[in-house]
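Can you make the complete structure from the sequences, with help from the hints?
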Amino acid sequence: ETGVTQTPRHLVMGMTNKKSLKCEQHLGHNAMYWYKQSAKKPLELMFVYSLEERVENNSVPSRFSPECPNSSHLFLHLHTLQPEDSALYLCASSAAGTGDTDTQYFGPGTRLTVL
Amino acid sequence: AQSVAQPEDQVNVAEGNPLTVKCTYSVSGNPYLFWYVQYPNRGLQFLLKYITGDNLVKGSYGFEAEFNKSQTSFHLKKPSALVSDSALYFCAVRDRDTGRRALTFGSGTRLQVQP
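Sequence lines, in order, name chains A and B. Take any residue in the first sequence, count from 1 to its spot, add 3: that is its number in the working numbering. Take any residue in the second sequence, count from 1 to its spot, add 55: that is its number in the working numbering.
It should be emphasised that the hints constitute simulated quantities derived from the structure, not laboratory data. Fair warning: there could be bad hints in the mix.
Here chain A is said to cover these stretches of chain B; the calculated rule only asks that three of the stretch's residues, wherever they fall, bring their Cβ under 8 Å from a Cβ of chain A [what the hints assert, rightly or not]:
id, stretch
1, 96-109
2, 147-157
3, 160-170
All values reported here derive from a predicted model rather than from experimental measurement. Backbone N, C-alpha and C define an ideal beta-carbon position, used for all residues, glycine too.
Shown next, in the form of C-alpha cells:
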C-alpha cells in the first residue's frame, strides 16, 4: 500500500468550503485514477489520466476538478460539495502502454464527510 | 460495454473450509479480469489477475481463481479459509480490445470466516 499514498486520510468540510485531495505514487507508473466508493454502491470511476493527459471523465459534476501536474501526483479539487458527495475517494495508478494489463494499485483512500 | 456481477452480498464459511466467491462478467471483446480485497478503512489490494493462457490463476495469500469463458465466470477460491481472510472482495473487468483504461468493478462480496 505504501506505493500509492493519499492525504488527508480523513476530511470533514462544509458545503461552501474549498479543499483538495492529494495522491502520490512511488511506483514509476504513468496513469492515475480517481474513484468514488459510496456505501452500498460499486466503485465509480471518476477520472483517468494517462501520461498526464485526462483521457476519461465519467460525467462527474464540475464541483470536482482533477489536476495531474506530473506522472507521480494527482489532485482532486473540491468546491461547493453536497452531502451526497460524502464517500471514500480512492486513487490508483498503473503502468499504461507497456504491454502490462494495466493492473491498478490503490492508495488507502480519503474518507470525505460533507456537512 | 463491460459489466461485472457478484451475486452474493455476503459469504459465510468456517475456518479451515474451502471458500468460493462468485463473479460473472460481460465484455464485447476479450477480458482482463482482476480480484481485489479491501480490509476496513483501507484501499483495495490487488490479489490476482487473468490475462490469457491457463484458466487457473494463482495469486496472493493462497487465493486462486478459475476463468471459464463459456460461463463468463471468474470465481475466487481458496482451499482452506482463515479468519484473517474476512474482508470485502471485488471482481473487476477490463475489455482489452477497446483500449480503454477503465476497470469496471462488481458491487463486492463480504467474506466472513468464522473461527
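Notebook entry, point to check: Which numbered conditions among the earlier hints are violated in the structure presented, ordered from lowest to highest?
Noted result: none
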